[in-house]
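Construct the entire structure; sequences and hints are all you get.
So the protein lines, in turn, are chains H and R. Take the first sequence: its position 208, counted from the start at 1, is 208 in this note's numbering, and no numbers get skipped. Take the second sequence: its position 4, counted from the start at 1, is 4 in this note's numbering, and no numbers get skipped.
In case anyone wonders, no lab produced these hints; they're calculated from the structure. Cβ atoms here follow ideal geometry from the backbone N, Cα and C, with glycine treated the same way. Incorrect hints may have been included.
Unchecked claim - Lysine-lysine pairs mimicking DSS-like chemistry, simulated, CA-CA at most 27 Å apart: (1) H:Lys34 - H:Lys12; (2) H:Lys179 - H:Lys52; (3) R:Lys297 - H:Lys160; (4) H:Lys270 - H:Lys52; (5) H:Lys179 - R:Lys138; (6) H:Lys145 - H:Lys160; (7) H:Lys205 - H:Lys160; (8) R:Lys295 - H:Lys160; (9) H:Lys122 - H:Lys205; (10) H:Lys145 - H:Lys228; (11) H:Lys206 - H:Lys179; (12) H:Lys270 - H:Lys122; (13) H:Lys12 - H:Lys228; (14) H:Lys64 - H:Lys34; (15) H:Lys205 - R:Lys297; (16) H:Lys272 - H:Lys145; (17) H:Lys206 - H:Lys160; (18) R:Lys138 - H:Lys205; (19) H:Lys247 - H:Lys287; (20) R:Lys295 - R:Lys242; (21) H:Lys64 - H:Lys12; (22) R:Lys242 - H:Lys179; (23) H:Lys206 - R:Lys295; (24) R:Lys297 - H:Lys206; (25) R:Lys297 - H:Lys179.
As the list claims (entries may be wrong) - Per the computed footprint, the stretches of chain H lying under chain R, defined by three or more beta-carbons under 8 Å from a beta-carbon of chain R, are: (26) 28-40; (27) 72-83; (28) 184-198.
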Amino acid sequence: MAESDFYSIDDKVIPAYQLAASILDFCRSRGVNKHKLLRGTGIFDEDLVSDKTLSCQQLLQLMKNAESLTPGHDCTFLLGKRLFPGSYGAISNALMHTRNLTDGFRILASNRSQICPFLDLKHYSSQQHHYVLITDAIGSQEQFKFIAELYCTALVSSVKLILGQRIPFEFNFPFPRPKYIQEYEVHLGHRLNFSQPTMSIRLQKKWLDTFGLNPSDRLKHHALRQCKQALMPKKGFVEAVRWTLGKHAEYGLQNVAEQFSMSPATFKRKLKQHGYHFQQIHDEVGKQQAIYLLQMQQLSNEETAHLMQFSDIPNFRRSVKRWTGLTPSQLRMTIHN
Amino acid sequence: MNLSLLAHHQRLFSVTCASLALSLSLSIGLGEAKTIAEISWLDIIGEGSVALLSLLWIFFLLVSRPPGRVTSALVLGLSCFLFSANLDLVDEVMSYHNAASVLSMIESIPAALGMLIMSYALYQWHKEQLVLNKQLQKRESALREHHQVDFITALYSAEYMRTQIDSALNNNQPPEFSVVMLDIDDFDGFNRQFGHDQGDRLLRELSDLILMNLRATDLACRYAGDRFILLFPNTDLATAEKIAGQIKTAIANIAFKPSPSAESVYHQLSFAVETAISGDATENLLHRVSRRLEKFKQRTKQPIHQYTLSSSANGPNGLKHDGNSHG
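In structure tokens form, the structure reads like this:
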């Protein structure tokens, strides 16, 4: 069947020399005991200098250990700054030679699972703004905040390196405003919103044309050819399920399991392994669509309900309220212009 | 747990062991075992825990203090106390006849002696603490919270600065203090070129230098990343700006050496100053000053440049660009 190109939380598909090596390196500089850091991860010291690959689960455990063992609150932010360009080889080369931000986003989109296996990124545009809608791709659960901080910092610092200037990204986070807000302000800037219905990044469209510092199509294409040799599946399991449901809103568990060539029982077990129920993903897909149509496209209730195949408006309003905690009109107002 | 200090305490370690061995061998050697029926288990638990806890205290002293007069006196006093506690404990399971009964008569004397030595030690400790407080003056205000100390620079963190600004806002009406935020220009570029370990070392050395340029009443904390925050009590905007300017000049002239050779890198600072106004809130003040710094940095947008290693004879490069900003 169609849905075979995905990685599960326990598939060993991520090169150890990337994130894991950065985490180890950082923790060493903070005086963390290496044995404590690797406890429960199933990662060994020698894995990091070999071609070994790790699973998302192993990395999530490593992040958890790193977070609790390092002093202060800056672990994720400083790690984020270290990720690019060092950890990504050919992809970094391709990104360094992009023409502009749009071009960079395109490379990011087609190599996303190699760069950031934990997050599912969807790009949207309205008239004025470009949006990146971000959801969990693999079941990060309590490490989601760690991952959000890590990759947002990596984005800001790599964009600054590639374009030579800081782009005013606006970040929306689903979690409440943390006490260590200074780290967010210094590393991500002041355009921050917390306790939002979903995680997203917004920027004005004019920035998409910002030129790269070292544009070269020839070097970029050469690097991209090298990227293609990596055998990383494109989608995380949760992301793949969400994608299937996004295409076929009418599908039940049985149909989706069929798409993944699994029995419903196996499929359920697999979802559970990633920390999800089927209904939860179903609701999330609805939530994403509602946010996209109401918040980003600023469509009316009637148009949105029609596009989302709701037959009556009250039912639609109830569902939106259940998914996002906000009524459709409140959701439309959450965008600050 | 960091046990590295233990290696410096061989002598005190033997004192403790001697106290332990002597008390146990004396009391066990000279007595006769009681029958099970005679033993009061409640007393054993009570006195046993006194002995065990004093041993634990000695251990924590040894792993947390470098050798010196105060440490020796503290450990000696506790060892005497441990001696008595052990006699007391063994007393519960042993009975003594004739000559040996003297032992139970004098068993409290070492404890009294130990308490005397401890009292002396605590007085010395108090004096030592006053000296240490003075050493810490510019790193620390009226409050000590060791878990808020930053790992890299050993300055206090932003959290600590928040509580200090809070109390400064609450205690004086209208508030009369200024806050300065400092930021190293293109610290990311430095890290990329010379590595993060050198970046950490740079932060450490710059924090020492910032402290050196402060007055005795001022407080410096690490804010986040390459950003520092200073609190100047009873200081107006102009004075705060002047001191911040002096720090900037001092840092611009420091020839930081990232490699073993004499090649040096010079650093520029950007800073922003804010004065507290009446009815101010800590978050507002911090927000104002960091926004101002951000705006200033955007205005004087520094191109990403390669650090050029210059030999120290050439002097600092790029000193001319002026780095202060205010209202």
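Below or equal to 27 Å on CA atoms is what counts here, so check Lys12 of chain H against Lys228 of chain H. holds (18 Å)
Hinted pair Lys122 of chain H and Lys205 of chain H, Cα distance within 27 Å: holds (16 Å)
Taking only the CA atoms, is the gap from Lys138 of chain R to Lys205 of chain H under or equal to 27 Å? Not satisfied, since the Cα-Cα distance of roughly 47 Å exceeds 27 Å.
Does the structure keep Lys242 of chain R and Lys179 of chain H at a Cα separation of 27 Å or less? violated (31 Å)
Coverage of the stretch 28-40 of chain H by chain R (three or more Cβ within 8 Å): holds (count 3)
Is Lys206 of chain H within 27 Å of Lys295 of chain R, Cα to Cα? holds (20 Å)
Between the alpha carbons of Lys34 of chain H and Lys12 of chain H, is the straight-line distance 27 Å or under? holds (22 Å)
Take a quick look at whether Lys295 of chain R and Lys160 of chain H sit within 27 Å of each other, Cα to Cα. holds (16 Å)
Is it true that the CA of Lys145 of chain H sits at most 27 Å from the CA of Lys160 of chain H? holds (23 Å)
Regarding the pair Lys270 of chain H and Lys52 of chain H, is the alpha-carbon distance no greater than 27 Å? Given pair Lys270 of chain H, Lys52 of chain H holds - Cα atoms ~25 Å apart, limit 27 Å.
Quick one, are Lys179 of chain H and Lys138 of chain R close enough, alpha carbons at most 27 Å? holds (25 Å)
For a C-alpha distance cap of 27 Å, please report whether Lys64 of chain H and Lys34 of chain H respect it. Holds, at about 14 Å.
The structure is inconsistent with the numbered hints 2, 10, 11, 18, 22, although it conforms to all the rest.
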